[in-house]
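Residue numbers (this note's numbering): 1 to 348.
There's no promise every hint is true.
What the hints assert, rightly or not - Label pairs and their in silico Cβ distance ranges:
#	residue 1	residue 2	range
1	P47	D198	43 to 53 Å
2	Q27	Q91	27 to 37 Å
3	R217	T105	21 to 31 Å
4	F167	E114	28 to 38 Å
5	D135	D198	25 to 35 Å
6	R217	E114	21 to 31 Å
7	T105	C159	25 to 35 Å
Hints were generated in silico from the structure; no laboratory data involved.
Even for Gly, the Cβ is constructed at its ideal location relative to N, Cα and C.
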Amino acid sequence: MLEAIPHVVWTASADGATTYLNRRGSQLIGVTADQLVDWNWLQLLHPDDVDRSRQCWHSAVSTGTEYVNEYRLRQADGTYRWYLTQAVPLQGADGCPSGWLGTWTDIDERRRAEERHARDAHLLASVRDCVIVTDASGIVTYWNDAATATYGWTAEEMCGQPLLNRFPEPERASVAELMRQIAAGHDWRGEFEDYHKDGSRLWIDGRVARICDASGRLIGIMGTSHDITARKRAEAERDQMTARLRLQIDRMPLAYLLFDGDLRLVDWNTAAERIFGYARDEVLGMMPPFEKILPPSAWPAGADVLGRLRGGDMAAHAINENLTKGGGRSPASGRIRRCSIGTACSSA
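Start from the sequences and build out the full structure, keeping to the hints where you can.
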């Protein structure tokens, strides 16, 4: 019967020497019954499993208790597979263990899946972005260290709890609706203002997507995000500075003309509209020789100033007549300077 069953069965003497291995076991490891004489099962173990398995076996033998262990065994083809071995002591007539009866159960797929899971968990825990995973019902199942650093809640506080619990009550309905849309197949990415555990606000750049099994069934939702609060504050400060600069430019009495690196006009203030008569939209995109505002007689001087400017002469300037939209002419002194955006020209 033991030879016919598809499972591995083995017996050992009281001191642990293998005395029997059924046909299924012999096929797996490539050891026949006549080779079991003086055979040491430890030589089949993966080197990393030998010491632990030896200690486990000696403990079971010395106490006469059940032997349970997981280890990798070398197969007939030279590869290793994980097995769960379980053995019980056989009682002799004197009540002392006379031997052992054990089995091997192939757990290779389970152990390798656990190793992959542990490896993936380590990778997710070490990434700099926040990684938060929920099941299909919105219960948090994973929360990495970056999420704790960003939001303040620990994995112990969040795992097993509805994700909605970390949002203020007025925000929960909109978050629940977003999660319903994602569950329906609409992945999401965007920037939004979020909440820290202490109630402070922070800006987040995040992505949220479905997690599906092999059949396409929804089994969870994963969100990744990173803190962009510093960038958002810098952008707000830049916008405020730009607005103040724009106000000053529009209020200055001198004409202000801004050109890009190709000398295409990209800005034109209120004073320029008053001096030249053209509205801003009428001249944006204008390029040399700027025939709307420079008469042909001034083109050579203008070209000379631009050439000197390209050569690094920051003092380049010219005095010439300007044209107005109404056809009039007025003398003006122009000064041109290079800047990080392009070239700015102010005319009196």
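Checking each numbered hint in turn, tell me which of them this model violates, lowest number first.
When the structure is compared with the hints, none of them turns out to be violated.
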